[in-house]
Every structure is written in structure tokens, then in C-alpha cells.
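Protein chains: 2
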Amino acid sequence: MSRQMVRPGGRSARVQESVHTAVRELASEVGRDALTVPMVAQRAGVTPSTIYRRWGDLQELLSDVAVERLRPDTAPRVHGDMSADLTAWAEQFLDEMASPAGRAYIRDALLGDPDGGNAGQCSAYAADQIGLVLTRATEHGDETPDVETVMDRVVAPIMYRILFRPEGLDAAYARSLVADVLARTGP
Amino acid sequence: MSRQMVRPGGRSARVQESVHTAVRELASEVGRDALTVPMVAQRAGVTPSTIYRRWGDLQELLSDVAVERLRPDTAPRVHGDMSADLTAWAEQFLDEMASPAGRAYIRDALLGDPDGGNAGQCSAYAADQIGLVLTRATEHGDETPDVETVMDRVVAPIMYRILFRPEGLDAAYARSLVADVLARTGP
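Taken in order, these protein sequences are the chains called A and B.
Read in order, the letters of the first sequence correspond to residues 1 to 187 in the UniProt record's numbering.
Read in order, the letters of the second sequence correspond to residues 1 to 187 in the UniProt record's numbering.
Take these hints with a grain of salt, some might be off.
What follows is a set of in silico ranges between Cβ atoms, one per label pair, in the way DEER data are often shown [said to hold, decoys possible]:
| id | chain 1 | residue 1 | chain 2 | residue 2 | range |
| --- | --- | --- | --- | --- | --- |
| 1 | A | P100 | B | D81 | 43 to 53 Å |
| 2 | B | D146 | A | A104 | 27 to 37 Å |
| 3 | B | P114 | A | T21 | 23 to 33 Å |
| 4 | B | D170 | A | D146 | 16 to 26 Å |
| 5 | A | R14 | B | R77 | 55 to 65 Å |
| 6 | B | P114 | A | A75 | 30 to 40 Å |
| 7 | B | D115 | A | R53 | 29 to 39 Å |
| 8 | A | V78 | B | P166 | 27 to 37 Å |
Chain B stretches covered by chain A per the calculated footprint, using a threshold of three residues with CB under 8 Å from any CB of chain A [as the list claims (entries may be wrong)]:
| id | region |
| --- | --- |
| 9 | 106 to 114 |
| 10 | 155 to 169 |
Residues of chain B placed beyond 10 Å of chain A at every Cβ, according to the derived structure [stated by the list, open to error]:
| id | residue |
| --- | --- |
| 11 | S18 |
| 12 | V37 |
| 13 | P38 |
| 14 | Q42 |
| 15 | P48 |
| 16 | R53 |
| 17 | G56 |
| 18 | T74 |
| 19 | R77 |
| 20 | D81 |
| 21 | S83 |
| 22 | T135 |
| 23 | E143 |
| 24 | D146 |
FYI, nobody ran anything at the bench for these hints, they're computed from the structure.
Because the structure is a prediction, the values reported are computed rather than measured.
Beta carbons: idealized from backbone N, C-alpha and C, even for Gly.
Next comes chain A alone, as it looks inside the complex (with noise of 0.2 Å):
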């Protein structure tokens, strides 16, 4: 991923912001279909060559900025216990990748990512997310399932289903699936 070449601060990160600003300006006005990278460049104030240099083709540029929208901007809300904590998350995770503007992100990011380092990102800010429930719960003295086992458990089928299999795609779902996965742990 370009991103992660970046310095903040630099040049290259100014040149990277204002290109991911372009096409999320871009996408608002003409739609995300009718992008082009001349159209982006020019909007950035830089070169469509310094876009395909860094970016390789409009494909990619779209898939990084695809995972900065997908990035939790908060830590998951405490609500009182593990269950509770990793419930409310289970279910703005579903609600938020299962709507039409999370769809588009999800697709974005794993097409344009021939190194799989985007999609591999996306995994990771909600493996992170877990982390930080469960490590609370750890701190109150529960015990937790790990972080994997909750990822194959409540993350894998609500991704799997927002991609494959999109029937019956609810609140109720994810709350069942974090049910199940505490159903052998917990306090």
C-alpha cells in the first residue's frame, strides 16, 4: 500500500492527501464510475503521471482510498461488559460494511490491490477493533476468546455474507454470532 510509504508531513503525504480529497470531492459530484485519473489530477492540482507513478492506475488510487474511509475513526464504545461492548460492535460493523456505501468500499479496496495489502489492512482495523474490546474485558478479569477467534467467528460470516450470500443480513445475525463465540467463554 502507497500509504504505507508515506512520511506524514512530507511532500508525498500533501500530494497523497490531496489526491485522496479529489476523489472523494470527485466521486460526490460525477460519481464514482465516471472518475478518471486526468479528472483527479487536475482537481489535485498535480500530474496524471504522478498519480500513475505512485498509484500504477485509477484502479489502486481508488482501492487506498477505499480503506482510509474504511478506517474506524473511534475506539468501540464501552457499554458495561465484553458481550454488551462486542454486540454494539458486531452490529455498526455489519450495519456500516453491508450498506450500499460500505458494499462499494469493500469491492474498492479488494479490487484494486493486486499485493492484497489493502484488504489486508481493512482485516486489521477490525482485528484492532476486538483487540481493544477484549483487552478491557481482560482487564476486568473475564475470560476472552482471542482476537483470530473472534475474527473467524463474527467478522469472516458477516463479510462473507455481505460478499457471497447478502440474505438475511441483520442486526439479530450479529448479535447471534457474538453470542455463540462468547457462548464457551465469558465471566
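Following the hints, put chain B in place on chain A, whose structure we already have.
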């Protein structure tokens, strides 16, 4: 999916078969990324407009071809009991889907798929195979999990990790998923 509109043996089916064959041949000859609609049309002996009319664009055509390649050509093999059959199926499923060819087909199936029909078909193939294994077990009097539970607990984690989190995907992982979902059921 265009395939669903095709009457077996009809002209439409013959065109589809020749176009799919042309894609598979040319992909192995010049590589998937070098394919163009005119190239495929010439090899298949149809006009490019025939392809555009039915598939819309190359990406949707590649998506249809990918789904055909992902269709299982045999029923899951019988190894003795539900645990052995489901374990063998899951190991083979992971092996095939995680291979470079499998990953490319999954990508293509997801990519050129505006209506989600092709991804749904891939998921239906897996559900059908699992259904066969579980039905056999039920006929032997075993208590079995339902198909959707196996989709959530075995297929979803495998596919999620292939797409988003590819580290540590091996036969042992597939076996552990099956052992875990059967731990609460079985004879």
C-alpha cells in the same frame, strides 16, 4: 448471470460455450490481463457486439467464466463418517480456493458482478456440496449442524482469510474449523 438465461443446446448456449472456451484458451495462451473483447470474439467466431450485448463488458464475461471454473464437477467423496467427509471437503476447498488460480477466479467472480449473482452462485456451489455431506450423515442417523451454520463456521472463515487475511491458511486450519463446528453436534 447470463448463464441462467441460457437454454441448454440452443444457439444461445452454443455461443456461450464457444465464448467461454475462447476465454479459457486465450487466457492460457496470452494471459488473462492481455485479453480483449475483439480477441475473444475472433477466437469464438462471433462479433464483438454479440459479447457486449450479452455480457456488457470483458469483466462481466471473465466473471461468468470464473464461476464456471469454480463449479464443483463431482460430489464430495465418501470417506466414512460426517467428520471425515466434511474435513476432506474443507481441506480440498481451501486448497483449491487459496491456489493462485482459485484466488484469480474468486476475484473475477466478485469483480464483474454488479448484481451479485455470480458471487451468490459460488456460495451456492459450496452450500450444495455441504448439503450433500450433511444429508448423507442424517441418513446414517447422525445429528448434524445445518448448512448455514457450516457456511458461517467453515466456508466463511476460509474465504474471508483468502481475501483479507491470507496468513496461516493450511489444511490444519481447515480441519480445526470442521472439528469446532462438529464439536457441539455429531453422533
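- Message: Of all the hints numbered above, which does this structure not satisfy? Sort the numbers upward.
- Response: Result: no hint breaks.
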